[in-house]
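Those protein sequences? They're chains P and F, same order as listed.
With this note's numbering applied, the first sequence covers 2 to 204.
With this note's numbering applied, the second sequence covers 2 to 204.
Keep in mind that the hints were calculated from the coordinates and are not lab data.
Just to be clear, a hint being listed does not mean it is correct.
A pair counts as met if it fits within one copy or between any two copies, since identical chains are not told apart.
As the list claims (entries may be wrong) - Capping the alpha-carbon separation at 20 Å, the derived lysine to any residue pairs in SDA-like fashion look like this:
(1) K190 x D80
(2) K42 x F12
(3) K171 x R21
(4) K203 x E116
(5) K132 x R94
(6) K42 x A154
(7) K132 x G56
(8) K190 x F200
(9) K132 x I176
(10) K99 x W172
(11) K137 x Q34
(12) K171 x R135
(13) K190 x Q170
(14) K190 x K203
Number of protein chains: 2
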Amino acid sequence: MNQIITISREFGSGGRELGRRLSEHLGCAYYDQEIVQEIAKRTELSEKYVQQVIGHRPISSFPIHIGRSFRMMADPNLDQSQTIFREQCTILREIAAKSDCVIVGRCADYILQDEEPFRIFVYADMPSKVKRCREKNYEKEELTDRELERRIAAVNRRRAEYYEYYTGQKWGDRIHYDLCINTTQGTVKGIAAAVARLFPPKD
Amino acid sequence: MNQIITISREFGSGGRELGRRLSEHLGCAYYDQEIVQEIAKRTELSEKYVQQVIGHRPISSFPIHIGRSFRMMADPNLDQSQTIFREQCTILREIAAKSDCVIVGRCADYILQDEEPFRIFVYADMPSKVKRCREKNYEKEELTDRELERRIAAVNRRRAEYYEYYTGQKWGDRIHYDLCINTTQGTVKGIAAAVARLFPPKD
């Protein structure tokens, strides 16, 4: 069985960098944005659209108060979300079957549970996430710290909602991970080197 | 400043073993039961009694419905708990000032926050905690798995109550730790070796 490492991460925690560095230490494949590109290719949807859909929990086009009798009607919004999620599952399983790898995001910890992945959750306190976002220029510099905090919190709320919608599990609940890493102190570089030691080279 | 590593751990998770192994890797002091012994010596109370007190959140001897007017009366139970906790704080600060060390339990992560300790929380799923308890013979063999699970849950509930009483923080909430380690998979030996890498030798 291939060694699969999944990284779930709070926005601004440096989880993506940790995943990339870890894959470099282990000399294995690394998947992140490539998954979105592949979904776009296979569904013939634009990458931007796919990115938008997988960044949010699906929302029905019908208001709830219409009632149960409408449930059976096709809902194009929901259908497209489900199609994209199914494609995502297929791609993840293909990736996992191919070779050892590090996968960032995409509910991979849950979708690939039969492959017994090593599941990492990366988090940090808010000031440190704000600092990292500024350094990485994720957000426009003219935002105040308070505005940036609200943005970060909103992205993380959406990630939690998306994860919980598809997995029925609480995002970030330690019991679903093998290791939860706080990047507030220490460098991601140093942490990645130490974490890599958990995976001794195969014979 | 000395390098202080604190280990908070669920009962049955192997956290104590992890702490001991980590101190061996780092060649630093290790404190666990020694703290209880020292409290007993300084307070002239028996070690068994101290152990019992620090295993539970303090409970007032007066029933709550007696009312506010009794609040000012001395409460021997509460007084003794507070005395023991104060002694614990003093001892922890002395230990931290002495040398690099690993400290298991005793709210050390909170009490020593000014020393910026590296705070580890160790946990595991219930079947793995039951298995570890049986291996370590913590509990009498005649207990069924269900009974042992209830015992483990009760110990962990008491640890959470004690921690929350003295710190005002939620025990096991990831934001209060630098690393949360699930020992369900993997060996404590291997995990300790990897975690030790987070602490490069000092110049």
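So, going through the hints one by one against the coordinates:
Taking the closest pair of Cα atoms, K190 and D80 never come within 20 Å of each other, the shortest separation being 41 Å inside a single copy and 48 Å across copies. Proximity of K42 and F12 under a CA criterion of 20 Å is satisfied in neither setting, with 26 Å inside one chain copy and 49 Å between copies. Taking identical chains as interchangeable, the C-alpha atoms of K171 and R21 are never at most 20 Å apart, the minima being 25 Å within one chain and 32 Å between chains. Proximity of K203 and E116 under a CA criterion of 20 Å is satisfied intra-copy only: 17 Å inside one chain copy versus 39 Å between copies.
When the C-alpha separation of K132 and R94 is checked against a cutoff of 20 Å, the pair qualifies neither within a copy, at 35 Å, nor between copies, at 32 Å. Neither within a single protomer nor between protomers do K42 and A154 lie at most 20 Å apart by alpha-carbon distance, with minima of 31 Å and 49 Å respectively. In the homo-oligomer, the alpha carbons of K132 and G56 never lie at most 20 Å apart, since the shortest distance is 23 Å inside one protomer and 40 Å across protomers. Proximity of K190 and F200 under a CA criterion of 20 Å is satisfied in both settings, with 16 Å inside one chain copy and 13 Å between copies.
Taking the shortest Cα distances, K132 and I176 sit within 20 Å of each other only across copies (17 Å), while inside one copy they are farther apart (28 Å). Taking the shortest alpha-carbon separations for K99 and W172, neither the intra-copy value of 27 Å nor the inter-copy value of 40 Å comes in at or below 20 Å. Proximity of K137 to Q34 under the C-alpha cut-off of 20 Å is restricted to the intra-copy arrangement: shortest distance 17 Å within a copy versus 46 Å between copies. Neither within a single protomer nor between protomers do K171 and R135 lie at most 20 Å apart by alpha-carbon distance, with minima of 28 Å and 30 Å respectively.
In this assembly of identical chains, K190 and Q170 lie within 20 Å of each other by CA distance neither inside one copy nor across copies; the values are 30 Å within and 30 Å between. Taking CA atoms no more than 20 Å apart as the test, K190 paired with K203 passes between copies only; the shortest distance there is 18 Å, against 23 Å inside one copy.
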